[in-house]
Amino acid sequence: MQLVQRRPGRLLRARLRPGGVLPIVAILVVLLVLVGIRQPGFLDPPSLMSFLGRSAPIILLAAGQYFVIVSGEFDLSVGSLVTAQVVVAARLIDDDPARTWPVVLLLLAFGALVGLVNGLITTRLRVPSFITTLGMYLILVGAVYLWSDGAPKGGLPEEFRRFGRRAVEDVPVLGRLPYALLVLVVLAALAVVLMRSDFGRTLVAVGDNPRTAHLSGVPVWRTRTAAFVLSGLAAAVAAILLGGYSGVSFQAGAGLEFGAITAVVLGGVVLGGGRGSVVGAMLGALTLELLFALMNFYGVSGALRSTVQGAIILLAVAVSATRPSSR
Amino acid sequence: MRGLSLSPARRAVPGVFVALALTLAVGWLVVLADGGQLFNQSTTVSLLHVAAGLGLVAVGQTLVILGGSLDLSVAYVISLSTLVAAETMNGSDGALLPAVGLALAVSAAVGLLNGLLVTRVRINAFIATLGVGLLLKGYLDSFYDGPAGSTSPGLVQSLGYQRVGPVPLSFLLLLAVTGAAWFALSRTRFGHHLVAVGGDPEVARLSGVRNDRVLVTAHVLCSLCAGLAGIYLASRLGSGAPRVGTEGLYDLESIAAVVIGGTALAGGRGGVVGTVGGVLLLASIDAIFNQLEVDAFFKQVIRGVIIIAAVAVYARRALRKAAA
Amino acid sequence: TDEPGAGPAGSPSSSAGAGTGEQSKFFVQADYDAELALLGATPTGAADRPWEQVLNPTMVETATFRKAGPHKICFSNAALNNPWRQVGFKTMQAEVAAQKGRIKEFVHVDAEGKDQKQIADINDLLGKGCDALIVSPNTTATLTPAVEAACKAGLPVVVFDRGVDTKCPVTFINPIGGYGFGHVGAEFVSQKMKPGGKLLALRILPGVDVLETRWSAAKVAFDKAKVDVVGVEFTDGDPAKTKKIVDDYIQRYGTIDGVWMDAGAVAVAAVEAFQDAGKPVPPINGEDQLDFLKIWKDKKLTAIAPTYPTYQWRTPIIAALRILDGQPVSNPWKLPQPTITQDNLDQYLDADMPPLHYAMCGCTDLPGYPQRWK
Amino acid sequence: MPDPPPTALLTLRGIGKSFLGVRVLDGVDLDVAPGEVHAVVGENGAGKSTLMKIVSGGYAPDEGTVEIAGEPRVLRGPRDAQRAGVGIIHQEFNLLPERTVAENVYLGHEPVRRGLVDRRAMRGRTDRLLASIGETTLAADAPVGQLGVAQQQVVEIAKALALDARLLIMDEPTAALADHEVELLYGLVRRLQHRGIGVLYVSHRLTEVFDLSGRITVLKDGRRVTTVDTAGTTTDELVRHMVGRELSSYYPQRARPADRGPVRLAVRGAGNRKLRGIDLDVRAGEVLGVGGLQGSGRSALARALFGVAPFTTGAVTRDGTPVRLRSPRTAMRAGIAYVTEDRKGEGIVPRQSVLDNALLASRAVFAARSGRAARTARVRDLLAAVEVRAAGDDQEIRFLSGGNQQKVVLARWLALDPQVLLFDEPTRGIDVGAKSAIHDLVRRLAREGAAVVMISSDLPELLGMSDRIVVMRDGRIAGELPAGATEEDVMALAVGHATEAER
Ligand SMILES: Nc1ncnc2c1ncn2[C@@H]1O[C@H](COP(=O)(O)OP(=O)(O)OP(=O)(O)O)[C@@H](O)[C@H]1O
Ligand SMILES: Nc1ncnc2c1ncn2[C@@H]1O[C@H](COP(=O)(O)OP(=O)(O)OP(=O)(O)O)[C@@H](O)[C@H]1O
Ligand SMILES: O[C@@H]1[C@H](O)[C@H](O)CO[C@H]1O
Ligand SMILES: [Mg+2]
Ligand SMILES: [Mg+2]
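Protein chains in written order, with this note's numbering: chain A, 1 to 327; chain B, 1 to 324; chain C, 1 to 374; chain D, 1 to 503.
Isolated chain A, as found in the complex (with noise of 0.2 Å):
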C-alpha cells in the first residue's frame, strides 16, 4: 500500500466526514450549555442521573433502530411494539411479583420473536422493510387493543416497575444511579462492541453494498434478519423501562417509532445504509430527550412544541448533513 499523501489526523477526518459523531457532539454541548444557563440544578449529579435514566428506553430504542437503518433497512413497528409489551406485561404479570423474572424472559422472547418476523419477511420475501413494518405495526397494535379489549388490563408489581423507576440510591459523587442507566450503560457498551465486531463491520457493509457483501460470502440476509431482531430486543428491554418508568397504557409506546428514526439522523447515521455510529444514534437520541426537557425549562408552549422541534430537527440535520461536493 503506497500513500499518495498525508491528510489530517485519521481520527479527527473520521469523526468529521459524514457519519462522524462531532455535528452531534457539538449540538449536544449547545444545549447543555442552553440548559446550564436557565437551569443550573439540572446539572447536579442526581438530577442529571435521574435524566440519563429516563431517557434510557428512548436511547436504547435508538441504538436498536441504529442496527436496522445502517443495514439499509426501516423498523417502524417499534413503538407498536414497545406498546404491545407492556400492555402483554401487565396482563401476564396481573400484578404478582413472582411473575415478574418469567415475564421479563417472555418480553425478550417476544421482542426478538417479532424482531425475527420482520427480517425474515423483509429479506426473504423481499417485501421492504418500510412496508413490512408499517404492517407489522397496524398488526401489533390492532392485535394488542383486541386481545386486550381496547383497556389495559392487570398490572405492573413494583418488582417489575423498579427497573425503570428506582435507583440504586445514596451513590458516592452521583448521588442516585438509577437502575435504567445501568442497563444503557451495559446495553450501550455492548452495542459499541458488536459494532467493533466482525459483526457490526459486516452489518455496515450489507448496508451500503449488499450485492459486494453477498459476493464476498456474508451471509446477508441472516445478518439483516439479526439487526432486526436486535432492533426488537432493544423494544423489549425499552418496554420494560418504560412500562417501569409509567406504567401500563396504550401510549405507552406511540410515535417512538419516528422518535428513534429522528434520533439516529441526528446522530449522522445515513438513512439507505452503510454509515454511521452506533455511538451517533444514541446520542442524538439523548439529544432529542435533552430538547424536550429544554423546552420544559425554557417554558415553550405546549402548542409550539412540535414547531420549535421540526425546527430543530431540520436546523441539525442539514448542519451534519453537509457532505463533500460530489461536483
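Certain hints may be false.
Listed below are the simulated DSS-like cross-link pairs for lysine-lysine, each with C-alpha atoms no more than 27 Å apart in a straight line [said to hold, decoys possible]: (1) C/K192 / C/K128; (2) C/K167 / C/K192; (3) C/K72 / C/K152; (4) C/K192 / A/K153; (5) C/K167 / C/K25; (6) C/K72 / A/K153; (7) D/K274 / B/K321; (8) C/K297 / A/K153; (9) D/K344 / B/K321; (10) A/K153 / C/K294; (11) A/K153 / C/K300.
Residues of chain C clear of chain B, computed beta-carbon distances all greater than 12 Å [said to hold, decoys possible]: (12) G40; (13) G69; (14) G101; (15) K226; (16) Q275; (17) T302; (18) I318; (19) G326; (20) Q342; (21) L345; (22) Q371.
To be clear, the hints were calculated from the coordinates, so they are not data collected in a lab.
We treat Cβ as the ideally placed atom computed from N, Cα and C, and that holds for glycine.
For this one, chain A is given, so just place chains B, C and D with the ligands on it according to the hints.
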C-alpha cells in the same frame, strides 16, 4: 446472444387490480352470505368517497415516491388546506375561487419548502418532510382549538355531495387528477425525468436532467394533491378541521396505497394507475369489513397483513421475472 | 410573604412563561353559566338509575316515530380508541343485551376517529333500513352536515357524548359537560393548594371540544382565584411524557403546589412523578378511573375526581326505544354528573375491576357484569 | 507542447481539481481540434476520468479554464456541457435498467412535439442511431435491464451520439466490447472524425490508441507528462511516460507440465438455466483461460462455480471430494474465491474504508480462524504487496481509481489463501503497470499451488496467460485449446457454425 428476443418494456396492468377484483368478488359473496349487500347504492357511494380522499393524496405521493423521495407531511398539509379553504370561504360562495386558489397556493408553498429541503439542503426526505410536518403541527396546534371556518355551500353541494349515479363528483375529480398525472408521467419531459431521477439520480444528472428542479416540482405537485384532498374534505365536513389529516392517517396510508399499487418505494418504477388500484383495494376492504361489522382492531390486523402480503406477491413476481 | 412575585422563587421567570393564556375559542359564556347552574340542579327520576335521570327536562313529542318492534338500531361510533369509550361501548352492548326482546338487530360501525369515515359510515347506514340511528360524533362541527342528512332521511336520530351544531336530532344526550368537569376540579385544587402556590395544568391534546371546554372552565376558575398557573402542557395521554413534564416542572420551580388535568388518563403518572422526586403530592384532580381512585386511597391524597360518566352510553338505547314507542323524551337529555370526593371514594373503589375501568359505568345491574368489563 | 491549432474545438488551460484535499489534477493543458481523435492515457488513478468529467460538466474544476470553440465556458453541470456540444461515454454505465433503450438514449433531451414527448420520434431516431453504428437487432423499446453488457455499451454510445455533439468523449468505450464490436466502434470513430467532430479517447488498450488517435496526451499523478503525435511515438515510449520506467511486454512464464498438480476442481455434466453439459478439470498450478463472446456464459460459469447461481444438475468435486456449491459461503469454505467483473456493483463496498473492504471476506466466513490483530496485519501486508495507492487504509474505497479498487478486491481474496481462484475480467479497465502486476500475481498464485480460472475478453491476455483455454458458446463448452493457440482458433470456436448460420 445478439438475436435473443427481448420483451419490450410492457407497462402492464398492475396486479393490484387482480387483487381488487378478487377481493370484491369474495367480499360480495361473504357479505351476501351474511345477509347484506355489498354493492348497494349507499355502500358504493361511501366506498368511492373514502377512495376519493385517500386517492388524491396517494396520487401525489406516487409522484414523489417515483422520484425516489417521500412526503410524510401530507397529513398536515391536508388539515391546513381544509382550514385555509374554509376560513377564506367563510360560508360564502363568492369567495369560493379565491379560497381554493389560496389553499392550493399555501399547499404548493409547503411542497416547495419540502422540495428545497430535500434537494438544496440535502436532508433525507424522510426527515425533511417529518420535520416540516412538525412545523405545521405546531402551527395547527397553537392556532386552532378545533374546526374553523365554513365551507361555501356551493362547494359542499357540488364536490362534497354531488354525484352522477353512484359515482361522487369527487371520485370523478380523482380520476381526472389521475389521468393528468398519468399523462404527465408518460408524455412530458418532466415525467420522464422524474422516473429517471428516481431510478438513478447520478445517471439522470449526468444525462443533463436537472434533478433538483424535477424533484422540487414533484414535491410541489404532491402537496398540491394533498391540498386538493383538503379542499375535498372541507367540502365534506362543511368546515376546516385541524386534525382531519392526521386522524385519517393519510401519510402512512397514502404510502401504503402507492406501494400496494406496485410502485417501488425506492423510486424509478411504477405509476399512478396502480396507486388508484391500491386505494380502491384499501377502500373495498374497509367497506366489506364495515358491512360485516368486523372489529376495527381486527381490521387493522388484516390491513397490516394485506399490505405485507400484496407487496410480497410483487416481490415474488419481480424475482421470477429477474430469474426468467 | 405570600404575594406571588415577591420572593426569589416567584421571580419574573416564573410569570414569564406562565399564566392561563388566551381563552379557548370554544368558550361560550351562556353554556358555561348553564352548566355551572346544572351542577346544583336536582334530577328527575330514580337516583339509583342515573342514566335515566334528567336535569331540567324539556320534553319533546315523538309520536311520529312510533313503530312496532322488534327494532333494528344502528350506531355510528366516533371511535373505540380509549378505555373510556371501551367501557362505554361495553355498557351499551350490555344494555342492548338487556333489551334483547325489543331489539332484533344492533349494527355498530366504528369510524376509527376519522371524521370523513364517519360521514361515509352514516351515509352507508342510511341505506340499511335502520329504525333508529345513534351517533356519537367524532367532531361536533364537521359531523353536523352528515347528521342533518340523516335527520332528513326520516328516521329518529339520537346523538350523545359530543354534540352537533344542529337541532335536528330527536334528542342530544350527555352529562352536564366539560365546563362542569373542568370547574369542579379547578375549584377544588385552587381551594386546597397553598395560597400563592404554583399550579401545573396538564391537558391531553388541543382541539377536542369536550376537552377544550374543561380547560376553558378551569381557566376561568384559576383566573378568578388568581392562581399562579406556571404551565399548561399537553401530554398526549402518555404517562411517560407526563412524568417527564411534571419532573421538569418540579425541578424548575422547586415544587409544584397543585395539579389540574382535563382527563384522568395520566393522573397516576403525575402522582408518581411527585413520589419519585421525593416530593409530597399536591392537591390534584383525576377522573373516575380505578387506578387513580386506588392510589388516592392508598396514598391518602388530597384529591377529587370529577366525572364524565360512562353510564351515558346506556341512555341512547333507552331513548331510542322510547322514541320508537312514541313516548316523549327530554331534549336535551342532561344526565347528572357526579363527583367523587374523599367522602364517597370508598363506594366507587372496586379492587376486582381492571385499573382502567371507569367507576361511573352504571353497569353493575347489566347482563354479563363483571365479566364483560374485565 | 505544440501550439494549439487556431481553430481548437476544446482548449483546457491549467485545470486543477482536488477531492477532500487530495490533488487529483494539477495544471493540465489540453486541446482538441475538429476532426481530431486525441487519446488520453495514463495509469489507474492518473486523473483521466476526472478530467473527462470536468469537460463534460460532471465535476467543476477548482482552477483553470475550459474553452469550447474559442469561447470560455463555466460548465455548471452536464446540461451546460451538452448545450455546448460535448457528449460523453462514461467509463461506468450510465443507464436506467427499468427504462427502454430509447428512453435512455434521449434521457434529458427527449424530442417534444407541442410540449409533449414524441415517443414515436424518439423510437424512430433511436433505431436510426443504432443502425448507424451497425446495431440492427436491438429494439428501441426493449428495457435496458434485459440487455447484456455489450449491448448496454452500444446503448451508452448511442446515447452520447444522440446529442449531436461537436466533441465526443469516450472513456474506455471498449472495456466491455469484444473484438468484432471494437471494429464497429473503430468505423464509427472514423466517420465522426470525417464529420469534423473532435474525439477525446481514453483507453488502456494501447493498440486502439495507436489505431485511432492523431495525438496522445499522457497523464501521470494528475499532471500532463507530455502530448505527442501518435505517428512519432512507440508503445515502449508511451509506457515509459505512463509508468516512469520500462516494462517488459511479456507475460510471465507459463507453468511447465511438471508444475501441474492434482485436479483441484472437477465438474461433470453440470448445468443450470444458462449452462449445459459442463465438463471441466482445473489442476493445481495451472491457469485455465475461459474465452467466448459476450453472453456466451463465461460469467455464468464462474457464478455457478462460486455458488451464486449454482448448478442445478451434474456433479462437482473439490480435491476429489464431492461438494455442493450452494452459495458463496459454501464455495468459500471449499477454498474458492471469485473476483467479479462488475467492480462497482459487486466488488466494492463503496463507503467503507480500504481496510474494511479488504477484510470483508475473512470477517464474513472465517471470523474465528485467526486473531483479529494477525488478520489485520496480514491484510495490510497484502495491500502493500499489490501496491494499492491510497491516502491511507482508512480512506473510503470509492475515492480510489478503478484499478486501485481492483487491487483492494484482490487483497480481500488473497487473505483467504484460496486454492481455486475465479477471475472474471480481472484486468478490465486496469492500466498497463497494474495489469502486469496482476498477471504476475496470478501466475505466482498458480505456482504456489492454486488452480486459477481466468475469464478474459482481451485475447492477447487470454492467450498469453493461459496454460489451457476453454471456449464457451451458448452456455456450453465449445472446445478446448492448448497453450500456443491463436486468436483465430479462439474466435473459430467462439463463433461456431450455428452462430454463423444465425446471422
Ligand atoms: N452482475 C451480474 N448479476 C447478475 N447476473 C449476471 C451478472 N453478470 C453476469 N450475469 C449473468 O450471467 C449470464 C450469462 O452471461 P455472461 O455474463 O456469463 O456472459 P459472458 O460471456 O461472461 O459475458 P461478459 O463478458 O459480459 O461477462 C448473463 O446473462 C447474466 O444474467
Ligand atoms: N468523487 C471522488 N472523490 C474523491 N476522490 C476521487 C473522486 N473521483 C476520483 N477520485 C480520485 O481521483 C483520482 C483520479 O481518478 P480517475 O477516476 O480520474 O482516474 P483514471 O485515470 O480515470 O483511472 P482509471 O484508469 O482507473 O479509470 C483517483 O485517485 C481517485 O481516487
Ligand atoms: O369523548 C370521550 C370523552 O369525552 C372522554 O372524557 C374522553 O375521551 C373521549 O373520547
Ligand atoms: Mg477512469
Ligand atoms: Mg462476464
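Hint check:
With a CA separation close to 54 Å, the supplied pair C/K192 and C/K128 exceeds the 27 Å bound. Distance restraint check for C/K167 and C/K192: the Cα-Cα separation of roughly 40 Å exceeds the 27 Å cut-off, and the hinted pair is therefore not satisfied. Proposed proximity of C/K72 and C/K152 is supported: the alpha carbons are some 19 Å apart, at most 27 Å. This hinted pair does not check out: C/K192 and A/K153 have alpha carbons roughly 33 Å apart, beyond 27 Å.
Between C/K167 and C/K25 the CA atoms are separated by roughly 21 Å; this keeps the pair inside 27 Å, and the hint holds. In summary, the hint linking C/K72 to A/K153 is not supported, as the alpha carbons are separated by about 33 Å, beyond the 27 Å threshold. For the given pair, D/K274 sits about 15 Å from B/K321 by alpha-carbon distance, which is consistent with the 27 Å threshold. With a CA separation close to 20 Å, the supplied pair C/K297 and A/K153 stays within the 27 Å bound.
The hinted pair formed by D/K344 and B/K321 meets the criterion: a straight-line CA distance of about 24 Å does not exceed 27 Å. Under the criterion of a C-alpha separation no larger than 27 Å, the hint pairing A/K153 with C/K294 is consistent with the structure, at around 15 Å. About 24 Å separates the Cα atoms of A/K153 and C/K300, which keeps this hinted pair within 27 Å; it holds. At roughly 28 Å, the least C-beta separation between C/G40 and chain B is larger than 12 Å, which holds for a residue marked as non-interface.
The non-interface label for C/G69 is consistent with chain B: the shortest C-beta to C-beta separation is roughly 19 Å, beyond 12 Å. Distance check for C/G101 against chain B: the nearest CB is about 21 Å away, which clears 12 Å, and the non-interface claim stands. No Cβ of chain B approaches the Cβ of C/K226 within 12 Å, the least distance being about 24 Å, so the stated non-interface status holds. Look at C/Q275: its CB is around 30 Å from the nearest CB on chain B, clear of 12 Å, so calling it non-interface holds up.
With a least CB separation of 31 Å from chain B, C/T302 remains clear of the 12 Å interface cut-off, as annotated. No beta-carbon of chain B comes within 12 Å of the beta-carbon of C/I318; the shortest separation is about 22 Å. Distance check on C/G326: its Cβ is at least 27 Å (rounded) from any Cβ of chain B, clearing the 12 Å threshold; non-interface status holds. Against the 12 Å criterion, C/Q342 stays outside the reach of chain B, whose nearest CB is about 33 Å from its own CB.
Consistency note on C/L345: stated as away from chain B, and its beta-carbon is indeed over 12 Å from all of that chain's, at 33 Å minimum. At roughly 18 Å from the closest C-beta of chain B, the C-beta of C/Q371 stays outside 12 Å, upholding its exclusion from the interface.
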